[in-house]
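2 protein chains.
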Amino acid sequence: MQAREQAPEIQPVLDQLRERFGDRFSTAPSVLERHGQDESYHTPMPPDGVVFAESTEEVAEVVRLCAAHRIPVIPFGTGTSLEGHIGALSGGISIDLSQMNRILEVNAEDLDCRVQAGVTRKQLNTHLRDQGLFFPIDPGADASIGGMAATRASGTNAVRYGTMRENVLSLTVVTASGEIIRTAQRARKSSAGYDLTRLFVGSEGTLGVITEVALKLYGIPEATSAAVCQFGDLESAISTVILTIQSGIPMARIELLNDSQMEACIRFSGLEGYEKKPTLFFEFHGSESGVKEQAEAVEAIAGEFVGSAFQWAEKAEDRNKLWEARHNVHYAIKSMRPDCEVMATDICVPISRLAEAILEAEKDLAATGLKAGIVGHVGDGNFHVGYCINPKSKQEVEAAKGHNERMVMRAIAAGGTCTGEHGVGQGKIRYMEAEHGPALAAMKAIKQALDPQNIMNPGKILPA
Amino acid sequence: MQAREQAPEIQPVLDQLRERFGDRFSTAPSVLERHGQDESYHTPMPPDGVVFAESTEEVAEVVRLCAAHRIPVIPFGTGTSLEGHIGALSGGISIDLSQMNRILEVNAEDLDCRVQAGVTRKQLNTHLRDQGLFFPIDPGADASIGGMAATRASGTNAVRYGTMRENVLSLTVVTASGEIIRTAQRARKSSAGYDLTRLFVGSEGTLGVITEVALKLYGIPEATSAAVCQFGDLESAISTVILTIQSGIPMARIELLNDSQMEACIRFSGLEGYEKKPTLFFEFHGSESGVKEQAEAVEAIAGEFVGSAFQWAEKAEDRNKLWEARHNVHYAIKSMRPDCEVMATDICVPISRLAEAILEAEKDLAATGLKAGIVGHVGDGNFHVGYCINPKSKQEVEAAKGHNERMVMRAIAAGGTCTGEHGVGQGKIRYMEAEHGPALAAMKAIKQALDPQNIMNPGKILPA
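Note that the protein sequences, when read in sequence, are chains R and W.
Residues in the first sequence are numbered from 1 upward in steps of one, following the UniProt record's numbering.
Residues in the second sequence are numbered from 1 upward in steps of one, following the UniProt record's numbering.
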């Protein structure tokens, strides 16, 4: 834990919060530590106190108190972010929303719902299953819906269902002055003014605290099937993806694992019958005949690039095993070496530039000698490198950072972005200027307008 | 034309623009008049001068000049807006973008393109056809892509393809200070900072001038078919829509015309073989078998609500006739009476509230004695009333405004919005407080931050 001096003016805030929230306020070192550390390699930066809020009104109360004393406010969901989003860089109060975990309404007729920010995606889907509905956005971790909105999360299903950008209908937000606003009504579309919903989606707590989220839902498809196809080389796998997307086949999931990632997954997740080769995982949603038709079309495309015969996972348990393996890539990489921690990064490029982006990343990896896995939501042009590094080895950390930086700069040069879905947090701030240029001034003006005291999760997204 | 005093400080701006742009600058009364009047009932408010810009740099030059003299800037595309968006309420310079009509790039591999703001949607689709691609957003009018982005337009295809919100990848914008920014890179998704693209989409020229637009494209579907189904009553037609949407059938278009609208269309567009009854127009996109499957599923649903047998429009020319009739509803209403002008309005509600919203609108119409047609993008919960009024009859204008207001307030109470796709302009400003409540303050703060002099299309979207 890094030392940071506690601002002298915080004591009265801590005292008032303790009096107001009793045992739902904590300054216990273990609690502070847990709230200053996400799942990333960034240095833990614990807050000065943590409030476990139970309602939007309580969040507003805390923000108003912090605003009156110019004390930073850092929203906390499940702590599964990957770019140091929750570190209390200037101290302050962490508002833990995990106890705000009520599903407020499910409107099956309208295919929408409204949940408190602390509801996790698995909790929501368990709740929805009996009604034949589901919420498709799946970033891997069982993140909170509020956190997913705040980082504009996506994941494996985004190629078909979109990201949080497309699937949030409206938000309840506590602003930097402690006002409660709702960003939009419940209608599917609107032209009534500025799109505040989309502004807060992806704002990473820097403009306000998201306390409730209204989401689009989908009917569980009549038929679902999944398949695996292995390729002789990465280019063939990626060409299969590109042609599939261009053909307009409505894939639900199309995921790439490179050979080293596949090797780690075979070992870690006990995937039997597969080789250490570039591999695509497919999932098809639709009617019985629609799924069959999609699968045949994709198998034909893969055949053109000498992909293996599809290995089908027809049963739900086989599919679950496949996607569990996919979700566990992080742990599979971790198991590559005993002293390994995973440093994860993500970029996203136009799909026509995907093959060169991944191939250059692989070539550069070979030159650094780092161990790493590459997995991608390739239908979106988005992929991740998971570096297996010893965090105590300065040389390894620097090598990974250097590789990441070169990959990001190539992505930006190719019309892509420094982060497809993980967000900026602390980790990608240094690339914001390169990616956005003069548009960054507009972002800073918005931040200044909505959080003039810079108390909302300061030090994230925008360079000083 | 309403009298308005010319601000004294504008003369030097007019002189400089004339010197700089020669015959691409005009103060001719006919030109001014055309640029102060859209297709709505709002009082024409001509600007003081019109610049026909040919590049983003020229737009930036004009905005910088206006900013230096605090003169309003009003962007102009094709003038097809419906809520008085282009009226120069405080005078100023209209920037006509219609000569910025170049298609800058089409990236077929990435299913995207970049166009200048003055390109119209029909121009784009004509250009794309040979490559097997299309851009689906279709607001009826052959609007400019820049104008469609500025009003967050949608139309008949939105139920499947989304609105401009979902289909703009990035924008080039001239800010209120005359800086040129690009709101995003070309990647399909990104978590790199605030979503400036979505902020400018729907901002109606009040935050900056959109000069270039990057768009998602789609492959022309393998198969397309359209059908018409008529119902004994409105409720049965809407119930068919609701059940179709809930069943997850990926309709490309699902449009409702009420009986009076259908009567007008039969007469105006020579639609033969149809009755004056509540009617649904359907369009299906997909593979041959997919389209067949969708159509059978929808026909079965319609049968449950005693809809007529589907009348199919298999051939492209028959489909075109159908959709031309749909697009010409405006003129069909106009033809209801010789002295008629159409006052169009739109609201959007959660689909579960659609039946009551339309039925109440019809009942209220009957009470006012107004002639009107109702058409709806009902898959989105969005519908329009086109009032056939004599604009010189104060009583008729007031009756239509009163009906509109009651309908809007019912929509807001039902969780809907005062405008699904036409935008706020001048016409819906009065409902912004009712719809957004305290969130309006956040919109105003953003406006103040990005346009501190209030020169960008002043008097639109936000109440004073």
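It is worth saying that the hints were derived from the structure and are not from the lab.
For clarity, every value in this text was computed on a predicted model and none was experimentally measured.
Be careful, since some hints might not be right.
What the hints assert, rightly or not - To give a feel for the contact side, a few chain W residues facing chain R, derived at Cβ under 10 Å:
(1) Ser55
(2) His69
(3) Arg70
(4) Ser90
(5) Glu109
(6) Gly193
Idealized CB from N, CA, C, for every residue including glycine.
Hints and how they fare:
1. Ser55: violated, 17 Å
2. His69: violated, 22 Å
3. Arg70: This interface hint is violated because 19 Å lies over the 10 Å limit.
4. Ser90: Violated - the Cβ of Ser90 (chain W) stays beyond 10 Å from chain R, reaching only about 20 Å at its closest.
5. Glu109: holds, 4 Å
6. Gly193: Hint on Gly193 (chain W): holds, closest Cβ of chain R at ~5 Å, below 10 Å.
Violated hints, listed in ascending order, are 1, 2, 3, 4; each of the other numbered hints is respected by the structure.
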